[in-house]
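Protein chains in written order, with numbering that gives the first Met the number 0: chain X, 0 to 208; chain V, 0 to 208.
Quick caveat, the hints were computed from the structure, so don't treat them as lab data.
Check each hint, because a few of them may be wrong.
Same chains, same label: a pair holds when it works inside one copy or across any pair of copies.
[Claimed, not checked] When the alpha-carbon atoms are kept at most 27 Å apart in a straight line, the in silico BS3-like pairs for lysine-lysine are as follows:
(1) Lys7 with Lys148
(2) Lys57 with Lys7
(3) Lys205 with Lys173
(4) Lys205 with Lys107
(5) Lys199 with Lys7
(6) Lys199 with Lys4
(7) Lys15 with Lys205
(8) Lys192 with Lys15
(9) Lys124 with Lys148
(10) Lys173 with Lys66
(11) Lys124 with Lys107
(12) Lys107 with Lys30
(13) Lys130 with Lys173
(14) Lys15 with Lys148
(15) Lys105 with Lys30
(16) Lys173 with Lys202
(17) Lys148 with Lys4
(18) Lys32 with Lys7
(19) Lys148 with Lys66
(20) Lys15 with Lys32
(21) Lys127 with Lys105
(22) Lys145 with Lys4
(23) Lys90 with Lys145
(24) Lys105 with Lys90
(25) Lys127 with Lys202
(26) Lys32 with Lys107
(27) Lys57 with Lys173
Single-letter residue listing:
2 protein chains.
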Amino acid sequence: MFIPKIYKSEDEELMKEIISENAFALLISDKEKLSATHSMFLVNENEGNFYLETHLSKANFQAEVLKDGDEVLCDFLGANSYISSSWYDHKNVSTWNYEAVQIRGKVKLMNDDELYEHLRKLTFKYEKPQKCPMFVENMGDEYVRKEMKGAFGINIIPNEIHIVSKLSQNRDEKNTENIIQNLSETNDSGALKIAEKMMKYLKITKQNI
Amino acid sequence: MFIPKIYKSEDEELMKEIISENAFALLISDKEKLSATHSMFLVNENEGNFYLETHLSKANFQAEVLKDGDEVLCDFLGANSYISSSWYDHKNVSTWNYEAVQIRGKVKLMNDDELYEHLRKLTFKYEKPQKCPMFVENMGDEYVRKEMKGAFGINIIPNEIHIVSKLSQNRDEKNTENIIQNLSETNDSGALKIAEKMMKYLKITKQNI
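Chain X extracted, bound-state conformation:
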């Protein structure tokens, strides 16, 4: 991934937000062959250390080959939308605005207790807002341990983190406002999210002038 400087972010809070809101993301590896699996990720911060957690089916090729220390790439694509050059007051090319996080890291296999805790936290995150939440703690230890036998849990210890926030930062205020206006007129959820993020960015820029 190439990130021009103006679209590069160092904002850790933004990174965690992108991961948390787009946690059904991609685990990529090239051990034996180029492979990628959509899986559910969690951010873990333990005593100041930040890492990712995920799990795959044991029937997955990546679960067969990945071992401690292997390198993987995790890709989280956030809000994104086409940006039409017809919204500019000058000639230029159309583009795509987006937020994304890529984390390159080393695999560390989970033991049974870590996998249990991972599934407990993951389930808690998504069950909490439900009408009648079904938490792991309420499913019975024996049942959960049995289900766990089919799962392959890994931690990913980051050694490279890239945060992209491409929000037309190369446009002036007038053009930025026009892009926001056009995005806001659609009913596309990605376009509306990008409009909201561009608005926020514009406000911060104005405050800093």
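Dock chain V against the given chain X, drawing on the hints supplied.
Leaving out everything else, chain V in the frame of chain X:
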């Protein structure tokens, strides 16, 4: 990517729909190092041959290293949503429903005329619905050829295509209807799309009984 049999699709129309509607997708390669770039894809069908087209910035690492014949993996994630086990009438684990396409293929670099045609078609796709479309043809040949100098265009000739349509096909009618009902009550665009797709699947299944 591991796809249990019940979630595997052979539906070419579904594949083209997933790619077309989620065309800001991921180009993955492992030449020299594991790399992935979000880029805009197009499906091309030329005299019965199906392949993908995309372009990157020439400043991108993948643009530096990828040559004719190199293997890449392209990942298109479609509609997706968390499925809570609290919506089932029996004990089971929560999951994630989704549609996705993965295409493994060989790189074929575009020449200048192919890149021009790729940008023309890509722009046409997204400009056509705009109020005042800005087509490549109207930007002036000299301007477009100048802009093209920064772009690296590739075709990807598929040798493996995987289509996932994971829509709770392992649940009975009553549970499926309950999942659809719960998804429909949210205002999450992914959940609503999955509900719609599950509804369509349920209707087809009923017709076939």
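Okay, the hints, checked on the actual structure:
1. With identical chains, the CA atoms of lysine 7 and lysine 148 are at most 27 Å apart between copies only, with a shortest distance of 23 Å across copies and 41 Å within one.
2. Within a single copy, lysine 57 and lysine 7 get their C-alpha atoms only as close as 36 Å, which misses the 27 Å cut-off; across copies the closest is 18 Å, which meets it.
3. Within a single copy, lysine 205 and lysine 173 get their C-alpha atoms as close as 12 Å, which meets the 27 Å cut-off; across copies the closest is 54 Å, which misses it.
4. Proximity of lysine 205 and lysine 107 under a CA criterion of 27 Å is satisfied in neither setting, with 44 Å inside one chain copy and 45 Å between copies.
5. Proximity of lysine 199 to lysine 7 under the C-alpha cut-off of 27 Å is restricted to the intra-copy arrangement: shortest distance 17 Å within a copy versus 41 Å between copies.
6. In the homo-oligomer, the alpha carbons of lysine 199 and lysine 4 lie at most 27 Å apart inside one protomer (19 Å), although the nearest pairing across protomers, at 45 Å, exceeds that limit.
7. Proximity of lysine 15 to lysine 205 under the C-alpha cut-off of 27 Å is restricted to the intra-copy arrangement: shortest distance 25 Å within a copy versus 43 Å between copies.
8. Taking CA atoms no more than 27 Å apart as the test, lysine 192 paired with lysine 15 passes in both settings, with 17 Å inside one copy and 26 Å between copies.
9. In this assembly of identical chains, the alpha carbons of lysine 124 and lysine 148 lie at most 27 Å apart only when taken from the same copy (22 Å versus 47 Å across copies).
10. Neither within a single protomer nor between protomers do lysine 173 and lysine 66 lie at most 27 Å apart by alpha-carbon distance, with minima of 52 Å and 41 Å respectively.
11. Taking the shortest Cα distances, lysine 124 and lysine 107 sit within 27 Å of each other inside one copy (23 Å), while across copies they are farther apart (44 Å).
12. Taking the shortest alpha-carbon separations for lysine 107 and lysine 30, both the intra-copy value of 15 Å and the inter-copy value of 24 Å come in at or below 27 Å.
13. In this homomeric assembly, lysine 130 and lysine 173 come within 27 Å of each other (Cα to Cα) only across copies, at 19 Å, whereas the closest approach inside a single copy is 45 Å.
14. Proximity of lysine 15 and lysine 148 under a CA criterion of 27 Å is satisfied in neither setting, with 29 Å inside one chain copy and 36 Å between copies.
15. Taking the closest pair of Cα atoms, lysine 105 and lysine 30 come within 27 Å of each other both inside a single copy (12 Å) and across two copies (19 Å).
16. When the C-alpha separation of lysine 173 and lysine 202 is checked against a cutoff of 27 Å, the pair qualifies only within one copy, where the shortest distance is 13 Å, while the shortest distance between copies is 49 Å.
17. For the homomeric pair lysine 148 and lysine 4, the shortest alpha-carbon distance between copies (20 Å) is at most 27 Å, but the shortest distance inside one copy (45 Å) is not.
18. When the C-alpha separation of lysine 32 and lysine 7 is checked against a cutoff of 27 Å, the pair qualifies only between copies, where the shortest distance is 21 Å, while the shortest distance within a copy is 30 Å.
19. Taking the shortest Cα distances, lysine 148 and lysine 66 sit within 27 Å of each other inside one copy (17 Å), while across copies they are farther apart (42 Å).
20. Taking the shortest Cα distances, lysine 15 and lysine 32 sit within 27 Å of each other only across copies (25 Å), while inside one copy they are farther apart (29 Å).
21. Proximity of lysine 127 and lysine 105 under a CA criterion of 27 Å is satisfied in neither setting, with 31 Å inside one chain copy and 45 Å between copies.
22. In this homomeric assembly, lysine 145 and lysine 4 come within 27 Å of each other (Cα to Cα) only across copies, at 22 Å, whereas the closest approach inside a single copy is 48 Å.
23. Proximity of lysine 90 and lysine 145 under a CA criterion of 27 Å is satisfied inter-copy only: 13 Å between copies versus 61 Å inside one chain copy.
24. For a Cα distance limit of 27 Å, the shortest separation of lysine 105 from lysine 90 qualifies neither inside one copy, at 45 Å, nor across copies, at 35 Å.
25. For the identical chains of this complex, lysine 127 and lysine 202 are neighbours neither inside a copy (33 Å) nor across copies (31 Å), given an alpha-carbon limit of 27 Å.
26. Taking the shortest Cα distances, lysine 32 and lysine 107 sit within 27 Å of each other both inside one copy (19 Å) and across copies (20 Å).
27. In this assembly of identical chains, the alpha carbons of lysine 57 and lysine 173 never lie at most 27 Å apart, being 53 Å within a copy and 29 Å across copies at closest.
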